[in-house]
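Novice: Take a look at the letters that make up each chain.
Number of protein chains: 2
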Amino acid sequence: MPDHAYWCDAIGNTPVPHRITRRAAVALGAAALSTPSAFSRPSRPVIERWGFYEIALKGPQGGNPFIDTSLSAVFENGSTTVDAAGFYDGGGVYRIRFMPPAQGGWRYRTRSNAPTLVGKTGKFEAAAPASDNLGPVAVADTFHFAYADGTPYRPVGTTSYAWTHQPDALCERTLKTLAASPFNKLRMAVFPNEDVATLPVYPFPGTPGGWDFTRFNPAFFQRLENKIARLCNLGIEADVILFHPYDHGKWGFDSMPPEVDGRYVRYVAARLAAYRNVWWSMANEFDAMKAKTDADFDRLFQIVQSSDPYSHLRSIHNFRRFYNNNQPWVTHASIQNGSAVEDDARAVLYRDVWRKPVVFDEVGYEGNLAKRWGSLSGEELVRRTWEGAIAGSYVGHGEAIEDSAHHMWVAEGGVLKGASPARIAFFRKVTEQAPGPLEPIDKWQDWHLAGIGGEYYLRYFGGDAPQQWPFVLPRLGLADGQQFAVDVIDTWAMTVTPLAGTFTVKRRDAYSFAEQNGRAVNLPGKPWIALRIRRV
Amino acid sequence: MPDHAYWCDAIGNTPVPHRITRRAAVALGAAALSTPSAFSRPSRPVIERWGFYEIALKGPQGGNPFIDTSLSAVFENGSTTVDAAGFYDGGGVYRIRFMPPAQGGWRYRTRSNAPTLVGKTGKFEAAAPASDNLGPVAVADTFHFAYADGTPYRPVGTTSYAWTHQPDALCERTLKTLAASPFNKLRMAVFPNEDVATLPVYPFPGTPGGWDFTRFNPAFFQRLENKIARLCNLGIEADVILFHPYDHGKWGFDSMPPEVDGRYVRYVAARLAAYRNVWWSMANEFDAMKAKTDADFDRLFQIVQSSDPYSHLRSIHNFRRFYNNNQPWVTHASIQNGSAVEDDARAVLYRDVWRKPVVFDEVGYEGNLAKRWGSLSGEELVRRTWEGAIAGSYVGHGEAIEDSAHHMWVAEGGVLKGASPARIAFFRKVTEQAPGPLEPIDKWQDWHLAGIGGEYYLRYFGGDAPQQWPFVLPRLGLADGQQFAVDVIDTWAMTVTPLAGTFTVKRRDAYSFAEQNGRAVNLPGKPWIALRIRRV
Numbered sequence: 312m313p314d315h316a317y318w319c320d321a322i323g324n325t326p327v328p329h330r331i332t333r334r335a336a337v338a339l340g341a342a343a344l345s346t347p348s349a350f351s352r353p354s355r356p357v358i359e360r361w362g363f364y365e366i367a368l369k370g371p372q373g374g375n376p377f378i379d380t381s382l383s384a385v386f387e388n389g390s391t392t393v394d395a396a397g398f399y400d401g402g403g404v405y406r407i408r409f410m411p412p413a414q415g416g417w418r419y420r421t422r423s424n425a426p427t428l429v430g431k432t433g434k435f436e437a438a439a440p441a442s443d444n445l446g447p448v449a450v451a452d453t454f455h456f457a458y459a460d461g462t463p464y465r466p467v468g469t470t471s472y473a474w475t476h477q478p479d480a481l482c483e484r485t486l487k488t489l490a491a492s493p494f495n496k497l498r499m500a501v502f503p504n505e506d507v508a509t510l511p512v513y514p515f516p517g518t519p520g521g522w523d524f525t526r527f528n529p530a531f532f533q534r535l536e537n538k539i540a541r542l543c544n545l546g547i548e549a550d551v552i553l554f555h556p557y558d559h560g561k562w563g564f565d566s567m568p569p570e571v572d573g574r575y576v577r578y579v580a581a582r583l584a585a586y587r588n589v590w591w592s593m594a595n596e597f598d599a600m601k602a603k604t605d606a607d608f609d610r611l612f613q614i615v616q617s618s619d620p621y622s623h624l625r626s627i628h629n630f631r632r633f634y635n636n637n638q639p640w641v642t643h644a645s646i647q648n649g650s651a652v653e654d655d656a657r658a659v660l661y662r663d664v665w666r667k668p669v670v671f672d673e674v675g676y677e678g679n680l681a682k683r684w685g686s687l688s689g690e691e692l693v694r695r696t697w698e699g700a701i702a703g704s705y706v707g708h709g710e711a712i713e714d715s716a717h718h719m720w721v722a723e724g725g726v727l728k729g730a731s732p733a734r735i736a737f738f739r740k741v742t743e744q745a746p747g748p749l750e751p752i753d754k755w756q757d758w759h760l761a762g763i764g765g766e767y768y769l770r771y772f773g774g775d776a777p778q779q780w781p782f783v784l785p786r787l788g789l790a791d792g793q794q795f796a797v798d799v800i801d802t803w804a805m806t807v808t809p810l811a812g813t814f815t816v817k818r819r820d821a822y823s824f825a826e827q828n829g830r831a832v833n834l835p836g837k838p839w840i841a842l843r844i845r846r847v
Numbered sequence: 312m313p314d315h316a317y318w319c320d321a322i323g324n325t326p327v328p329h330r331i332t333r334r335a336a337v338a339l340g341a342a343a344l345s346t347p348s349a350f351s352r353p354s355r356p357v358i359e360r361w362g363f364y365e366i367a368l369k370g371p372q373g374g375n376p377f378i379d380t381s382l383s384a385v386f387e388n389g390s391t392t393v394d395a396a397g398f399y400d401g402g403g404v405y406r407i408r409f410m411p412p413a414q415g416g417w418r419y420r421t422r423s424n425a426p427t428l429v430g431k432t433g434k435f436e437a438a439a440p441a442s443d444n445l446g447p448v449a450v451a452d453t454f455h456f457a458y459a460d461g462t463p464y465r466p467v468g469t470t471s472y473a474w475t476h477q478p479d480a481l482c483e484r485t486l487k488t489l490a491a492s493p494f495n496k497l498r499m500a501v502f503p504n505e506d507v508a509t510l511p512v513y514p515f516p517g518t519p520g521g522w523d524f525t526r527f528n529p530a531f532f533q534r535l536e537n538k539i540a541r542l543c544n545l546g547i548e549a550d551v552i553l554f555h556p557y558d559h560g561k562w563g564f565d566s567m568p569p570e571v572d573g574r575y576v577r578y579v580a581a582r583l584a585a586y587r588n589v590w591w592s593m594a595n596e597f598d599a600m601k602a603k604t605d606a607d608f609d610r611l612f613q614i615v616q617s618s619d620p621y622s623h624l625r626s627i628h629n630f631r632r633f634y635n636n637n638q639p640w641v642t643h644a645s646i647q648n649g650s651a652v653e654d655d656a657r658a659v660l661y662r663d664v665w666r667k668p669v670v671f672d673e674v675g676y677e678g679n680l681a682k683r684w685g686s687l688s689g690e691e692l693v694r695r696t697w698e699g700a701i702a703g704s705y706v707g708h709g710e711a712i713e714d715s716a717h718h719m720w721v722a723e724g725g726v727l728k729g730a731s732p733a734r735i736a737f738f739r740k741v742t743e744q745a746p747g748p749l750e751p752i753d754k755w756q757d758w759h760l761a762g763i764g765g766e767y768y769l770r771y772f773g774g775d776a777p778q779q780w781p782f783v784l785p786r787l788g789l790a791d792g793q794q795f796a797v798d799v800i801d802t803w804a805m806t807v808t809p810l811a812g813t814f815t816v817k818r819r820d821a822y823s824f825a826e827q828n829g830r831a832v833n834l835p836g837k838p839w840i841a842l843r844i845r846r847v
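For the record, the sequence lines run as chains A and B.
The opening residue of the first sequence carries number 312 in the working numbering; numbering runs sequentially from there.
The opening residue of the second sequence carries number 312 in the working numbering; numbering runs sequentially from there.
These aren't lab readings, by the way, just hints derived from the structure by calculation.
A couple of the hints might just be wrong.
One copy or two, either will do: identical chains are not told apart, so a pair holds if it fits within one copy or between any two.
What the hints assert, rightly or not - List time: in silico DSS-like cross-link candidates among lysine-lysine, alpha-carbon distance up to 30 Å: (1) Lys-817 <-> Lys-682; (2) Lys-487 <-> Lys-667; (3) Lys-667 <-> Lys-728; (4) Lys-601 <-> Lys-487; (5) Lys-667 <-> Lys-601; (6) Lys-667 <-> Lys-434.
Kindly generate the complete structure, drawing on both the sequences and the hints.
Specialist: In structure tokens, the structure reads:
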């Protein structure tokens with residue numbers, strides 16, 4: 312191990328990305344850059360699987376280190392090889408980050424065109440992950456997600472585009488809000504918005520209109536990383552939006568030259584890919600970015616793909632037109648369309664098209680704006696959450712309730728004011744109790760139920776307020792004589808009321824089973840009711 | 312021109328595909344194969360643009376002419392070159408067919424590995440097309456279709472899978488029915504169905520279970536061509552289904568070896584591509600064909616693409632799962648999904664995904680079967696036709712009304728018995744009067760109207776039976792003071808009732824205009840009503 316290797320939180324303003332990093336730092340003791348001569352070789356510094364390992368090296372400061380100096384390291388454990396790009400972090404410091412995909416011993420060797428950075432080697436041990444480290448999220452069962460350890464992950468997301476660009480106190484308030492919220496994913500933009508107040512810390516050196524696009528501003532990205540690490544500690548996935556159109560000529564980050572776009576994406580990937588909670592959202596409302604074509608996004612997706620050795624989830628979010636989500640580099644659909652989740656029979660259509668998970672990341676906002684996108688009632692947003700779930704897809708929350716300071720959760724973060732988050736917490740609790748992912752059963756037939764045929768069902772009534780529901784289920788998994796218990800769920804009042812007795816089914820026709828005596832389920836005649844039906 | 316060149320209807324059982332062919336034959340007079348010595352070189356035999364030109368040549372009969380003999384001809388007019396494959400038609404006769412894509416002088420030269428077929432040359436003149444020859448249909452305006460001469464083509468299709476496999480008298484009855492019907496497209500399978508009675512004429516020599524897959528049976532394909540030519544004469548597009556799963560081991564045409572599939576597709580393309588009304592439907596319910604993967608269909612699509620010099624429309628029809636219609640060789644989506652056209656806000660979702668025309672070729676059948684796919688009422692099928700149109704897509708008709716002979720239109724053809732065709736004729740008349748293709752306006756907002764913003768609208772109410780409709784329109788194309796005339800259309804009774812007076816709009820809010828005094832449109836309080844709103 313080179314005597315100037317050290318660990319990330321041993322110097323300056325590098326954030327502590329996660330518990331794992333702290334543990335590694337403890338193991339390394341005095342291996343700080345400021346005292347390289349004091350480095351005492353630790354036998355095997357210990358981090359954990361899916362944790363965060365960082366090599367920091369002193370290197371050339373002359374010329375343009377962002378462009379002139381190449382740096383990467385090959386990590387290997389005997390069966391797996393990971394080629395991780397390094398990056399220049401300013402002040403003569405270079406870093407290479409690594410998320411060990413497997414437990415056990417790892418070794419690395421650096422590659423560089425700089426004599427002082429080349430051929431550095433080291434080794435370390437990745438321990439078993441701690442109980443709250445389930446690894447990165449990936450696609451599972453075609454339409455769903457799971458952590459790397461196999462635990463299902465069901466996105467219950469929210470959005471705050473510009474929260475990282477706010478003062479520290481506001482960022483802390485946002486994190487506190489998130490910690491108490493039901494949300495396990497946050498959509499957030501790297502670049503600031505033109506119309507949202509922004510700290511004067513920018514991704515490039517220079518000033519608006521006079522950026523030096525050949526360099527990056529490490530302080531900007533260090534701040535971003537800190538936020539991502541804080542989300543990781545809260546168990547929240549960071550859906551990092553790489554590009555967006557909300558620039559309108561103020562910053563020019565929406566219309567940088569192609570080589571700058573590519574360099575930026577590679578730089579962000581080198582910095583962030585080792586954070587296990589990172590997802591890549593290529594763009595927000597990509598089709599509103601007039602300076603870019605679909606082919607530009609194809610190229611940038613492929614750069615992300617080749618720059619991220621962990622294959623974090625990749626998507627792209629639409630305005631009015633869809634990108635080709637069938638492209639192999641798209642892992643799941645990230646959809647803006649509120650209309651589609653007004654009816655599960657609409658929402659389900661997209662699943663068939665892409666054969667990938669469908670995340671309705673934007674379906675309108677609970678809000679008090681005049682714009683129709685920002686004026687949903689809490690009831691309507693909660694309805695859309697349920698309708699999307701019954702379709703076997705996932706719906707994201709958004710809030711555009713402007714306060715007297717003109718702050719909104721969707722823009723600056725801060726506090727949540729709406730009625731929907733509590734109901735979404737209830738929704739999350741109910742749906743996470745399901746024995747498996749919600750799958751539409753007998754799709755295209757307007758059953759408005761999902762679950763696992765013969766075992767578990769959720770039937771959702773939306774704004775309808777029937778007095779009764781005929782106990783009829785699609786045939787999948789059913790047999791005469793099976794018995795079911797029924798809970799009446801008020802998704803708005805957040806109550807679960809078990810019904811007395813059970814319902815025994817017998818075949819009704821070629822497609823369905825019904826309660827053997829034709830008995831129906833009595834309902835309260837209110838909107839926002841669901842039924843949970845479980846085999847006993 | 313070789314002295315044994317001749318024209319298609321001068322010999323044997325070759326069908327007369329179209330008026331154009333007859334005209335060419337007349338010009339050629341005695342140029343019959345049976346009397347090659349009597350051939351007198353015509354100065355320039357005349358056919359027409361998008362007509363049908365055929366070269367027939369005597370060639371080798373020994374060995375296996377289907378495989379051993381290669382044959383094609385290059386046609387050129389000085390600016391365009393078309394390479395058309397030939398095929399063996401039995402009895403020592405080889406044919407090369409050509410649809411001139413442009414008016415004016417054409418010349419050709421044959422290529423072959425057979426000395427008697429190689430280097431034959433000729434020339435002819437393609438005249439202006441007759442008034443009922445609008446050319447082949449292609450995609451227009453992203454989501455719609457037009458004939459090659461620019462005339463819009465709006466598919467109003469129907470399906471009769473096995474009509475060509477029925478006795479001649481029944482085929483004639485089917486053609487007579489079609490001639491009097493509203494349908495301008497017919498989905499039809501090349502291969503017979505396992506469960507539908509079939510003439511004992513098969514695409515390959517041999518018997519079920521003992522086919523010679525290295526050869527074709529020309530008589531089978533001559534019969535098929537005759538039917539396609541007859542459809543052409545009726546102005547009906549032939550949506551030719553190349554593969555389907557309704558074989559169930561009876562014939563084995565659903566599970567032929569890959570090289571046979573490829574040879575079959577090339578043979579069919581060589582025979583049929585010169586018919587201007589041909590569309591290629593790669594498969595019906597492709598995902599129910601267990602012997603084939605999506606990659607197999609990718610390959611077969613590419614064979615069709617390279618074998619058809621005219622790029623006729625190409626699609627593939629689903630059972631429960633979709634093929635990737637974003638593939639460049641798919642020209643439009645051919646969808647089975649009745650649920651999607653129960654609501655235009657469902658149907659519209661597919662358009663965004665593929666950015667191609669969406670043809671709902673199967674949405675359930677007006678029928679008397681116990682199966683739910685074959686038990687729609689006429690009202691329901693007509694509703695789906697309208698809902699799909701309001702979504703800017705196209706819905707196909709189907710009829711499964713079984714008669715005492717167990718015949719159904721969808722299987723054998725014959726006569727139509729349902730209530731929907733008359734209403735579909737009315738639908739076609741109304742929608743063809745629109746000044747342009749129906750486009751959803753302000754999609755994803757549940758307006759349930761389509762048309763051309765500021766100019767023309769159709770608002771459809773489906774099964775709802777309101778007494779009034781508030782006169783409110785999305786803002787696109789509107790300005791204060793514009794006046795509109797309104798017709799109340801009863802899509803089931805097939806009446807159009809103009810309302811007295813006009814409606815003058817003024818801006819209502821950021822998204823809409825309303826009648827200036829808030830006046831509503833009175834409606835008859837019945838289902839199946841539409842409004843036609845036209846700027847005056």
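Novice: A separate judgement is required for each hint: does it hold in the structure or not?
Specialist: Each hint tested on the structure:
no. : hint                : verdict
1   : Lys-817 <-> Lys-682 : between (50 Å within a copy, 19 Å between copies)
2   : Lys-487 <-> Lys-667 : neither (33 Å within a copy, 46 Å between copies)
3   : Lys-667 <-> Lys-728 : neither (33 Å within a copy, 42 Å between copies)
4   : Lys-601 <-> Lys-487 : neither (37 Å within a copy, 53 Å between copies)
5   : Lys-667 <-> Lys-601 : both (27 Å within a copy, 22 Å between copies)
6   : Lys-667 <-> Lys-434 : neither (38 Å within a copy, 54 Å between copies)
Figure legend: structure checked against the earlier numbered hints; hints not met, in rising order: 2, 3, 4, 6.
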